[in-house]
Every structure is written in C-alpha cells, then in structure tokens.
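Engineer: This is what each chain is made of:
There are 2 protein chains.
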Amino acid sequence: MRTYLECIPCIIEQAIDVTNQLTQDEEKREELIQKVLMTLSGVSYHHPPPYLGREAHRVIRKVLNNHDPFFKLKREFNHVAKKLYPSLKEKVNGSSDPFVYAVRMAIAGNIIDFGPRHHFELMKTIDQALSTKPAIDDTESLREDSKEASMILYLGDNAGETFFDKILIEQMPPEDIYYGVRGFPVINDATSEDAYYASLDQVAKVISSGSDAPGTILKDCSEEFKNLFDRADLVIAKGHGNYETLREVKGKKLYFLLMVKCKIIARDLGCSVGDFVVKCVENRAKGVGKTKQASAAHGIKTE
Amino acid sequence: MRTYLECIPCIIEQAIDVTNQLTQDEEKREELIQKVLMTLSGVSYHHPPPYLGREAHRVIRKVLNNHDPFFKLKREFNHVAKKLYPSLKEKVNGSSDPFVYAVRMAIAGNIIDFGPRHHFELMKTIDQALSTKPAIDDTESLREDSKEASMILYLGDNAGETFFDKILIEQMPPEDIYYGVRGFPVINDATSEDAYYASLDQVAKVISSGSDAPGTILKDCSEEFKNLFDRADLVIAKGHGNYETLREVKGKKLYFLLMVKCKIIARDLGCSVGDFVVKCVENRAKGVGKTKQASAAHGIKTE
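Those sequence lines, one after another, are chains C and E.
Heads up: take any position in the first sequence, counting from 1, add 857, and you land on the numbering used here.
Heads up: take any position in the second sequence, counting from 1, add 857, and you land on the numbering used here.
So that you can see chain C by itself, here it is in the shape it has in the complex (with noise of 0.2 Å):
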C-alpha cells in the first residue's frame, strides 16, 4: 500500500509524540524533528508508510543515540501481558467456541500500539472485542485454512500483543508454527526477546524478519525469513504496518487481523476507525492461471 499525503503529518506526529516521551532538551527535540522533516522529504511516497515509519524511528534512534528506545515501554506492556495472560486463556477456553475466541482475542491485543493516535484502553478493548463480530469477519476460513495448513507463518506486532497472540497459536493445529518478529527494535515493535519472553518458543518457532522496518517490506528482510515466508501454506499478519507492507503481495493466502486504527485504513478496507478485523487476502500470483478460492469468496480483482 502507497503512503497517502494524509499519513505524512500522522507519521510526524507519531515522531513527535515520541520526542516528547524520551527527551526534555527543547534543543534535541526540535533537531529531532527537524532531521525526520528532512528524512521524509527525500522518500517516495510510492514506499508503505511502515517505509517511511522506518526512515523516520532510524533518525530517532541516531539522534537519541539510542538503538532501543522504546526498552522500558516494550517491558511495561509485557509485563501487563504477562499478568493478564492466564484470565484471558481461561476466557477463551471457557468459551462457547475458543477459537472464535482467540482471533478476536488477538486481535484486542492489537491495542497495545501508541503508533496511530488513540486511548490505551486495553481491558475494554479486550471485553469489546469478545463480545462482537468483526466487521470483517473471515474467521471460518481461517478455521478451515488453519487445519489445512502444514505450515503457518504468524507474523506478530507489538511487544505485550505476543501473549494475545500466544492464545490464538494454541487454538492452532499444525506443528508447523513460525511466529515472526522484527529483526531489530523499532518503537514498540515485538523482537525476539518479547517472542521469548512470552514463551512463544514453546507454542511456535521464533523467525526474526531481519528488518528494523515496523511492518514486513520483503525485500528488506533476510533470505531465512523471506524462504519460511515462500513456504508458509498461510500467512497470518498482525496490526496496520504488516497489512500495509503485505496486501499487494502475489500468490500467497494471507490473513490479516487488525484493528482499525486510522481513517486511511479504514477507507482502504471500506469500514470504520476502531472495527475489529479478519480479512483473507489472496492476490493471483503472476501467470497463475487458476483463481483460487478465498479470491473469488473475497472479491479480490485477479489479474
């Protein structure tokens, strides 16, 4: 997905809202603001905006000098994870059907984000999300694809958000299992430090995307990455910046599921800021000549 003009000033704010949280030094702040002006002056907006969110958190962490600066933020939200996980699993299990159960759950999880603006209300989030349909709602197809799969590639989000996603890996029936995270730190991203911390190691096997870019550009990843991704039966991307950078690509079953975050998102799926979703995405790969279910189901344009 391109950049829109409309998401320059939200990608500034974001810098800025960070800015305030690690400096007081009015000086440092306005340089910082300043190089992120520059850097996203000299960027196609052709490139996803997790491209230019990229960009834009590399000036940060070389002005701050500090190649993680979301440390302390990233330990807060699994540390709340963490506590909240046991209540949240037994939620699920206890529930009419837990792995209806757990996609809306992971998707709650989704919240724990200070990129696009919004309030971190977490606990109704999470009551919220259990309680309704998404507005987009594929969750039987991924049922059935999940069964099918032999091999899943479930890329994750934000730290704290790998607990919720954790829930969802359980509900999940091939061993098979590849959770993937970003290479290097980036705002609040999850690495795989917070894979491990959340034990995602006992329910999938960790893969670092070997990209500080907060979403999944292809071609900035490692070919370890990009080879699991190629073989991966089915894709399940986390939150904004994977959906982003992972809509176009060709020949894959994708699912992604998010929540609505921001007006241009919810343009581009047709729904509404703060909508829960599962949406299933198969573009026709190049010369493929067959169209493949989820295409024809989903009203996806092949070639």
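Take the hints with a grain of salt, since some may be wrong.
As the list makes no split between identical chains, a pair holds if one copy fits it or if it spans any two.
Stated by the list, open to error - Listed next, the in silico DSBU-like pairs over lysine-lysine satisfying Cα-Cα at most 30 Å (straight line):
(1) Lys940 x Lys919
(2) Lys939 x Lys981
(3) Lys1143 x Lys892
(4) Lys885 x Lys1076
(5) Lys1076 x Lys892
The hints are simulated quantities; they were obtained by calculation from the structure and are not laboratory data.
A quick note: this is a predicted structure, and the numbers were derived from the prediction, not measured.
Fit chain E to the supplied structure of chain C, relying on the hints for placement.
Structural biologist: Structure of chain E alone, referenced to chain C:
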C-alpha cells in the same frame, strides 16, 4: 510566539488540504509536500508559526506556478460576506449595545478561514458569537481605549472577514483609522483588493504590511507600515496569525480579537478551542519605568 512541535503536523496538514484542493496531479502533490517538508526541516522553530506558514506557502505558490492560488476561494468568501453584510450590520445597530455586538461580530468573521481544521459554519458561529460573552473579554477596556485613541491600526486577517471588520470599525470614534492587510497573497488572507472590495477605504485608510506572511512579522514589513505601527495609539489585531506574531511586542497597547481554533492557542490563552477572545496585551517597553494599567489589569509580566 515560538512554533511548538505540535504546530508542524498542523502546518503540513494545511499544506496537504491546500494541495488536494489545487491540483489533481499525484506527482505534483507529492513533490509539493516533499518540498514543504524540506523547507520546514530548515527553519528554526523559535520563529512564530506564520513564519513557517510563509515559507510553506512560498513553496506551494512556486511549485504550482500560481502567485495567488486562493483567488477563487477569496472571491467566494468576499461574495458571501458582501451579501451578509447589510443584515449583519442591522443586527448590530439594532442591538442593545452596538459596540459590544460589533466586537463579537468581528470575531465571528474570523471563522472565514480554512487554516486550522474546522467546519465552515458561519451563520451558526455568528449567532453563537452574538449571544456569548467572550471567554476573555476586554471589550469595555477596548471601548474606552478606542475613544481615547487618536490613531488606531486595525490589522485584518482573512478575505471576507473584512466585511465583519468594517462593522466594528464603523463603531469606532476616531477619524484616523488604518486597516492593515497582507502585502501579497498568502492563503486566503486579505490583501488590499479584498479591503477595497469591502469598501474599507470609506471608513479607514488601507495599508499593506508589505509582507507575504500570514501574520504580522514586523521585521518583514515595509518601513511605511512599521512607522504606522509605531505611531498607532492602539493596535487591534484579528486572528491567530496576528496573535502569534505580535503578542510579545513591547511598548504597544494591542487588542487581539480571535476565535480559538487550536489546542496550542487555547493552552497559550488559558481557554478552550472554539472560545471567542478579546484580549488586551501591553508588554512594557524596554527601558520604560512605569507599569501601564493594562499590564497590571491583565496579569502580564513586566520585566
């Protein structure tokens, strides 16, 4: 007033709004925003926001190769205000206190502006303004000072708003009133043409600032304008841009008439977005020993 970091995304959002209105060419839009970002990355934020606005709009005019991109919109505002003028004047003249209602009417005219984000709800704002006491209300002090003043400089803001200003100027006693406008087209700000369109020359002498800033950056103004500013017993300044650029001027009694359109100005004035303000400011001149009445009355710190 310095530019706060939070002003930057707002200035960029304005530039995007403008860009979207003025060209359908995606490449041109991207080029324009990139150049605005580049420009804003090289400006010190110790300058007031209209300084950054001036720089951004110079870029916009240059990229669009259009010296007055808002010509049509200003004409539209002028036409709307011209039609409203007789009934607005009647409302004021028929009121219990025409001076008070003229002041409120002048503030209501400040809604003709698409700088900060808001809806153009002119008639609603007019009725609201007329029936509501301003959140900061130095109207009585303005009434007395305008009686005593031998020369008043009234600084306009936007095209169309000029008609609302005329209603207030018609309530002012002194014969020697100057109506200040921008020296060159910038956004929808009033220039001489707009002042003459509103026949402001019948009630005041129209004077150009000589500057293309959407505010009054004195350093940037013509000698003629600066001399007039120095000579004025009283300066009445409309809108955000004039407030941001003049509120720290020393040794001059200034009245700011505006509608609060953003959080930064709300915080600065200690009121809320949407509030109407009539605020007297008189910062003590350097080297002047006495503390003037207005400074004490309005809690302005003297050096």
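Engineer: How would you classify Lys940 and Lys919 at a CA-CA limit of 30 Å: within, between, both, or neither?
Structural biologist: neither (33 Å within a copy, 57 Å between copies)
Engineer: Have a look at Lys939 and Lys981 and pick one of within, between, both or neither, based on CA distance no larger than 30 Å.
Structural biologist: Answer is within; shortest intra-copy Cα gap is 17 Å, inter-copy 52 Å.
Engineer: As a check of your reading, is Lys1076 near Lys892 (CA-CA no more than 30 Å) within one copy, between copies, both or neither?
Structural biologist: Classified as both; 25 Å inside a copy, 28 Å across copies.
Engineer: Which holds for Lys1143 with Lys892 at a C-alpha limit of 30 Å: within a copy, between copies, both or neither?
Structural biologist: neither (39 Å within a copy, 37 Å between copies)
Engineer: Which holds for Lys885 with Lys1076 at a C-alpha limit of 30 Å: within a copy, between copies, both or neither?
Structural biologist: Classified as between; 27 Å across copies, 33 Å inside a copy.
Comparing the model with each numbered hint stated earlier shows that hints 1 and 3 do not hold.
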